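Residue numbers (the numbering used here), protein chains in the order written: chain D, 2 to 389; chain X, 2 to 389.
No lab work stands behind these hints, which were simulated from the structure alone. Just to be clear, a hint being listed does not mean it is correct.
The list treats identical chains as one, so a pair stands whether inside a single copy or across any two.
[What the hints assert, rightly or not] List of simulated lysine to aspartate or glutamate pairs, DMTMM-like, C-alpha gap at most 20 Å:
1. 24 to 360
2. 265 to 46
3. 4 to 46
4. 265 to 74
5. 44 to 33
6. 4 to 311
7. 265 to 48
8. 308 to 157
9. 4 to 17
Everything numeric in this text was worked out from a predicted model, so none of it was measured.
There are 2 protein chains.
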Amino acid sequence: MRKVAIVGAGMTPFAEHFALGIKDLLPMAFAECAASVDKGMAKNDIDAVWFGAMGTTDGFPSGILADTLGMQDIPVTHVENSCATGNDAVRNALYGIASGAADVALVMGADKLREVATKDMLWGWEATTRDMAWDYPLGLVAPAGFALHVRRYLYESPATREHLAMIAVKNHRNAVENPKARLRFEITVEQALAAPIVADPFGVYDCAPQSDGAAALVLAAEDVVDRFTDRPVWVRGVGLGMDSVMYPHKPDMTTFPATVRAAKRAFGMAGLTPSDVDVAEVHDYFTGIELISYEDLGFAERFGAHKLVEAEVTSMGGALPVNPSGGLKAKGHPPGATGVAQCVELFGQLRGEAVNQVDGARIGLAHNIGGPTAVAAVTILEGAGAHG
Amino acid sequence: MRKVAIVGAGMTPFAEHFALGIKDLLPMAFAECAASVDKGMAKNDIDAVWFGAMGTTDGFPSGILADTLGMQDIPVTHVENSCATGNDAVRNALYGIASGAADVALVMGADKLREVATKDMLWGWEATTRDMAWDYPLGLVAPAGFALHVRRYLYESPATREHLAMIAVKNHRNAVENPKARLRFEITVEQALAAPIVADPFGVYDCAPQSDGAAALVLAAEDVVDRFTDRPVWVRGVGLGMDSVMYPHKPDMTTFPATVRAAKRAFGMAGLTPSDVDVAEVHDYFTGIELISYEDLGFAERFGAHKLVEAEVTSMGGALPVNPSGGLKAKGHPPGATGVAQCVELFGQLRGEAVNQVDGARIGLAHNIGGPTAVAAVTILEGAGAHG
């Protein structure tokens, strides 16, 4: 398989973009991405596009992208995989390039969730991520579903609500200096614990804000990377994993098999292990997901995730900073864009250009989980080992 | 790029499956597909799945597929590209195999349009295929949009409504013996012309019935094809093409640039020309689309498509039979499944096993167009040259 690298990356701020549509957000992210390519890039350098999106407020996703960016002469595939959409778009683009069908691919992700035309569209959108016969009509919207997992995890492991709060505090702190983040303010553990409950054990500060935004990456085959940059970030591994959709079919609520499967595939492809990872963007749609994911990704032993939090291993300055961007928790979560934006952050980290730079970061990992924990995607990137 | 072949194919009948959901239709199509693999196939032979679907009546598409088929240990990507969804899923699976990431891939397509939970879901679904700011709110649903093209085509070319009717008659006739088709009855030109008008120039018999159904293909790399069959059908070319979404941005309504682009890419990859094609499944969502597509696919000269109809070139027994399955027109149209089902038909044709067998067919072409003519996909297949 020929090697594939990221040579450019950009994104819009994640926010409540009430005045902007997908048609506005896509060009904003693309422009920043194109400008980030060291030796420049023209539209006609792009052979194919993979577009991750869930919402459709502006209409036909692939066509809207082609139209808005003036790319009618380039094939555009729309990939949807619930909250794992972004990193699955990266995975499919990698296959397109590795196969030889394309030398250069644009990967974009976008969603606009803070404004849908009707209440029915919001419910319709939520329905695309769950089981429509059982779980969803019974009320298992996203916070409720994930709360079932984390409630059980807190029961079986030594972790407590304080550990969830410490993750919220960490990710809020990381977002303060990130101009792309939505919740750029610090909070305290006390505030997090005292916040109104959304779905026990999640208070308001345990939940990521659904947001509007777009992100973009340019991927290039090893044969042509030199045309674009001397500082590529290589895509070392991609992995997608599935699990049962319905909660009654999940025998152990304290682990996410989809993540375990995705990570195993991505690390296998990369020839790396969890201990090789220097920085990670982990899917913290709810704080407890980040905690459980430490274990599923191989960063912590079973029921030992809270120790990483207590020892500040995953804070800035720790051995494995997680969500230096602020994560979904404080940066925001437009699902189609989220995975792509994680790679945008890691592109900066692995080139020594990030806002919260992890010193010497060489290997980065991006992780999504969604579709009631029925799908996860992991992408592993490698840079030259930047020193900020 | 390593070669990829189809080694198995199956589908449900396309119909009004009021009593069945996607969860029922997927296993039906998969079972027929698995049984069609000459030397047998087990689920754990499959490395990855690409699933084409637009509707979501049963919930999260990728997860529902994995759950329903017991494939939680296999990655599943959901591809959506309006009416070109099916053949774009084939294209992405081909890249996955050609890249070396998978040796064997399952491609499925499914949709259930005859029954959605609420009116709002239907409108929401339609909205995913058009421009939501302008065209769709102004009433440009599918029949109205395509009628604009065909009305203009009839004005500029020598073709008449009689030619549209002749295509309807041909495709209805082909469907009679196809047990998978929905409208298995013959009609006359007079009936077609006298039918109530849906959107001028389309009468009822010019329109394909939106339907419920699923279809499945097994694709394998050249290295492993022999494990499954001695009679593979090779995927020689795939192509995806885009065009502007909004009607005010389409300077010439009498041609579909998306098809021209998709065909150019697929023929280029295959190293073949339109004159090499022995049998084709062409996207006849409305009769006039089949007519215009003869030209865009290179089967007829500009404004000369009607001559093929008059000379019965595209009828059974002609030099280039089109839609021997009955086409969307008489077989039915569940968008996600349609492109996959076209390849199911061609798999039979190129192995000499089709209901309406085209004698000696060696090269087959499948074609989709949709998303207000903003996307098209073409797949070119090659068999051993079967004699029925």
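Each hint, compared with the structure:
{"no.": "1", "hint": "24 to 360", "in the structure": "neither (37 Å within a copy, 49 Å between copies)"}
{"no.": "2", "hint": "265 to 46", "in the structure": "between (33 Å within a copy, 19 Å between copies)"}
{"no.": "3", "hint": "4 to 46", "in the structure": "within (18 Å within a copy, 26 Å between copies)"}
{"no.": "4", "hint": "265 to 74", "in the structure": "between (37 Å within a copy, 11 Å between copies)"}
{"no.": "5", "hint": "44 to 33", "in the structure": "within (13 Å within a copy, 44 Å between copies)"}
{"no.": "6", "hint": "4 to 311", "in the structure": "neither (38 Å within a copy, 52 Å between copies)"}
{"no.": "7", "hint": "265 to 48", "in the structure": "between (30 Å within a copy, 14 Å between copies)"}
{"no.": "8", "hint": "308 to 157", "in the structure": "within (15 Å within a copy, 74 Å between copies)"}
{"no.": "9", "hint": "4 to 17", "in the structure": "neither (37 Å within a copy, 47 Å between copies)"}
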